[in-house]
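Next come the chains, spelled out residue by residue.
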Amino acid sequence: MASGAMQEEQVKLLGIWVSPFVKRVEWALKFKGIEYEYVEEDLTNKSSLLLTSNPVHQKVPVLLHNGNPIVESLVIIEYIDENWKQNPILPQDPHERAKARFWANFIEQKITEATRTALVTEGEQQEKVVKELKEAMEVLEGEAAAKLNDKTLFFGGKNGLGYVDIVLGWICNWVEVIEEVGGFKVLDPQKQPHIHKWMANFVEVPLIKPTLLPKEKMVVYFQMVRQAYLGLAAKK
Amino acid sequence: MATSDVKLLGAWPSPFALRVHIALNIKSIDYECLEENLLAKSQLLLQSNPVHKKVPVLIHHDKPICESLAIVQYIDEAWSSAPSILPSDPYDRAVARFWAAYIDDKWFPWLNGVANAQGAEAKKAALDQVREGLVVLEEAFGKCSKGKDFFSGDRIGYVDIALGCFLGWVYVAEKRNDVKLLVEDKMPGLAAWANKFCEDGTVKDVMPDKDELLEFANMILEARAKLNASSNN
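So the sequence lines, in the order shown, correspond to chains A and B. The letter at position 103 of the first sequence is residue 103 when you use UniProt numbering, and the numbering goes up by one with no holes. The letter at position 30 of the second sequence is residue 30 when you use UniProt numbering, and the numbering goes up by one with no holes.
To be clear, the hints were calculated from the coordinates, so they are not data collected in a lab. Each hint should be verified, as a subset may be incorrect.
As the list claims (entries may be wrong) - Below are the DSS-like pairs computed for lysine-lysine, each with C-alpha atoms no more than 30 Å apart in a straight line:
| id | chain 1 | residue 1 | chain 2 | residue 2 |
| --- | --- | --- | --- | --- |
| 1 | B | Lys204 | B | Lys106 |
| 2 | A | Lys128 | B | Lys226 |
| 3 | A | Lys131 | B | Lys54 |
With the rest of the complex left out, here is chain A:
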């Protein structure tokens, strides 16, 4: 143990392999070069650590920093950014920060939530949410077209990856899978050329590439989730 070294930080992440919310936090930790211990939870048999760390929602991800729990993926990412100053995730300028938070919020409310709903619904209900999802992708495509070009590959701007990239990144691995399982289509390279270019660049980032998950395994998992929700809905 080196003397005069920084106080040893104990960082633990409770997650499940297939959660896009957990993946975001992993990306943020890797981006900052933070060493952490990953603990795979069994959500059918939640650990007492998970239940005591997140009593309100009982969900992953949970970040434990020196025993203190932080929950909700976007809250965790901001915590990581504020606590470890190297490699900033959010921009420094307050106005740029506000814009980054605005887009993170937009993605969460209009794309993440809608995709989750499209996974677990069918018929008219699913059609409605897929339509909203397509509209949201159009708005995001507009922002991508305005922000990104051959010199600026990511929403983080000249610094490379940033908050919005980390918050949006899950679409690269998850949307195709959920489209297949749910039987709908929102991704369209013709209608969303800038988003697709961004996706192609994102998955090639050295810290991102090794974290991508095998699609076949994800399809099996999400098929199970869809069946469970539709089965529950049929009983009502």
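Position chain B against the provided structure of chain A, taking the given hints into account.
Frame of chain A; chain B shown alone:
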């Protein structure tokens, strides 16, 4: 700072716009308030918030900032001198952001759901859910306030603003449904906090009158009911 440097596009019944009024008051910032007619939105609003076309929008040095909590954080960061709205410690900030997210993502949709609930059973379930959320927030208040007046301690802060803006609408739901939501014996901390919040110097002059809000809500909800009835025929 010149008044025209800071503009707030708001609407008097909007709890989200109220958050921004309070944040600006905490920092003693002079600002111009532009009242929007939400049925006839101004060009400035449509240009400043093309994605959502909603209030509030803060315009600072001609640059728009949207989404109430993003605006409140912007105010805290752009005017960084005391008093601060968010705590300085990263962990305390994470706790504050957690509760603000709980309020916006879980509790407020439940409150909103009361008006949309059809039938006595659904209404009761919706009201029960709001009350259960308040019990969770009562516990949060106990932990965060540590015996002081507000979630943030001695002064109004981020979570106080996030929740307090809805107090007028809680009153509306209570009156319209003839129930108590903020029940003093179940939520003594929040009940006391609610009074102190409404009386605070940064809130008093910008919070809409509760009975005016009730009148407004009655008007809107009756109009909506008529619209639904006619479209169902």
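The hints, checked one at a time:
no.	hint	verdict
1	B:Lys204 x B:Lys106	27 Å, holds
2	A:Lys128 x B:Lys226	24 Å, holds
3	A:Lys131 x B:Lys54	21 Å, holds
Every hint, counting from the list given before, is met by this structure.
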